[in-house]
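These protein sequences, in sequence, are chains A and B.
For the first sequence, our numbering gives the first residue as 1, with consecutive numbering after it.
For the second sequence, our numbering gives the first residue as 1, with consecutive numbering after it.
Possibly wrong hints are sitting among the right ones.
[As the list claims (entries may be wrong)] List time: in silico SDA-like cross-link candidates among lysine to any residue, alpha-carbon distance up to 20 Å: (1) Lys9/B to Tyr165/A; (2) Lys5/A to Asn62/B; (3) Lys59/B to Asp196/A; (4) Lys59/B to Tyr165/A.
[To be verified] These stretches of chain A come out as covered by chain B in the derived footprint (C-beta under 8 Å, 3 or more residues): (5) 25–33; (6) 54–63; (7) 156–166.
Simulated from the structure, these hints should not be mistaken for laboratory data.
Beta carbons are placed, not taken as given, at the ideal position from N, Cα and C, and that holds for glycine.
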Amino acid sequence: MEPNKLSEWQKEILQEVGNIGAGNAATSLSVLLNERIDMQIPSVQVVPFEDVVDLVGGPEQPMVAILFQIQGDTAGMVYFLLTREEANYLIHKLFPDAEGEVDFQTVPNDMLLSVLQEAGNIIVGSYLTALSDFINIHIHPSVPQVLMDMAGAILSIGLMELSPYTDDAIIIDTKMNDVGEANKMSGQILLLPTPDSFKKIFQALGVSDHD
Amino acid sequence: MTKLQTIVKVGISDMNIVQTPDVIRTSGLGSCVGVVIYDARNGIGGLAHIMLPDSSLAKQKNIHVAKYADTAVAALVEKLILAGARKYKLQAKLAGGAQMFQLSSGSDIMRIGPRNVDAVTEKLHELRIPIIASDVGGNCGRTIEFDPETGKLLIRTVNQGESYI
Chain A
1 MEPNKLSEWQ KEILQEVGNI GAGNAATSLS VLLNERIDMQ IPSVQVVPFE
51 DVVDLVGGPE QPMVAILFQI QGDTAGMVYF LLTREEANYL IHKLFPDAEG
101 EVDFQTVPND MLLSVLQEAG NIIVGSYLTA LSDFINIHIH PSVPQVLMDM
151 AGAILSIGLM ELSPYTDDAI IIDTKMNDVG EANKMSGQIL LLPTPDSFKK
201 IFQALGVSDH D
Chain B
1 MTKLQTIVKV GISDMNIVQT PDVIRTSGLG SCVGVVIYDA RNGIGGLAHI
51 MLPDSSLAKQ KNIHVAKYAD TAVAALVEKL ILAGARKYKL QAKLAGGAQM
101 FQLSSGSDIM RIGPRNVDAV TEKLHELRIP IIASDVGGNC GRTIEFDPET
151 GKLLIRTVNQ GESYI
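With the hints as constraints, model all of the structure from the sequences given.
Below, the structure is given as C-alpha cells:
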C-alpha cells in the first residue's frame, strides 16, 4: 500500500500498536537502569525519505544506533537511537566496570559493544514482543548491529527496503527519557516497517485496507 | 560585484545542478552513491544522491528518476547539457557506496553499496564520461561537497575528518 494513502483511522491504529510496544520497552529500560522512565505517546508519521533524518536532527548528526531487522511474518527495521553521551551513560550504568567510552573516532572495544547490543536486545526485544502479541503475528528481532555514524548513513539502511515501493516512509517514533535526578538518559525507537507489513498488520487486526 | 556563494543541498534520491560560484552538497551518504558530473571549463556541475542500482527494481508506477543509478545519471547529464555544459567535456567523481549493514540475512540490502557503485560506473562508461576520482566502499557515512570552480570534491566523515578528491 502507498504510505500517503494511510487514513486517519489507520494512523490511530498504528499509534496504538506503537504505544503498546513502547510501554513495554520503557518498562524494560526502567528495570535495566533502575530509574523511572517516562515515555511520550508515539507518533505515526508519513514522511518523504529526505525528511526522515529530520526526526533525529538532520543527515549529518552523529549518533549511536543499535539496529535490528524484523524477522518472521513481516519485514522492516527497528532502530534504538542514542547520543554518544546517552550511550556511555547506559553502558556504565549497566556495567560499572566497563572500561573506556564510545566515541565516533575510535572503534569501541568488545565489552562496550556487547553491553550496547545486550541493552538493545532487551529494549527492542520487549518492544517487538509486545507488538507481536498484540497483532498476533510472529515477529522477532535479528541479532543487533551497533553503528556509530551520521544519521543519514544509518537511517538510509532502513529506507533501502522500502525504496522500490515508495518515496515516503511510515515511521512509528517513540521517545523515552528518565525523570528525576539523573535525567541523563533518553532514547528513541524508530520502527520502519515495509509497505507489505502494514497490510498484514491491518489484516491481523481485522481492519480493512480501504476504510 | 561578486555574487555570494550559495550551497545547494541535495536530499536522498534527489539531484540538482549548480554553476560557479555556487557549490553543491549532499549529507550522510551511506550505501547510497553521490555522483558528481561536471564541465570544469564552463563551471557547471551536478550531483545526484542515488539509492538503488537499477530502475527495473521499481515497483511503483511513477519512477522517481533520481533514485536509481541508470535513470539518475542519464537525467543529470541531460540537465547539465540543457544548462550549457558540453557533452564531450563532462567528467565524473563518485563517493559513497559503503557497506553499512553487516547482518547476514541473505537480504539484498547487504550488498547494495557495491551494487550502486557498479551501476553508476557502468552507466557513466556507457555515456563515455570518464571517472576522474572516487572514494567508495568501506563502512562509514560520508558528506560530500562539490565546487565546480575548482572541480574538487570535499569528503567529510565522522571518524576520518576531511579530504579532497
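Cross-check of the supplied hints:
| no. | hint | verdict |
| --- | --- | --- |
| 1 | Lys9/B to Tyr165/A | violated (25 Å) |
| 2 | Lys5/A to Asn62/B | holds (16 Å) |
| 3 | Lys59/B to Asp196/A | holds (12 Å) |
| 4 | Lys59/B to Tyr165/A | holds (5 Å) |
| 5 | 25–33 | violated (count 0) |
| 6 | 54–63 | holds (count 4) |
| 7 | 156–166 | holds (count 9) |
Checked against the numbered hints above, the structure violates hints 1, 5; every other hint is satisfied.
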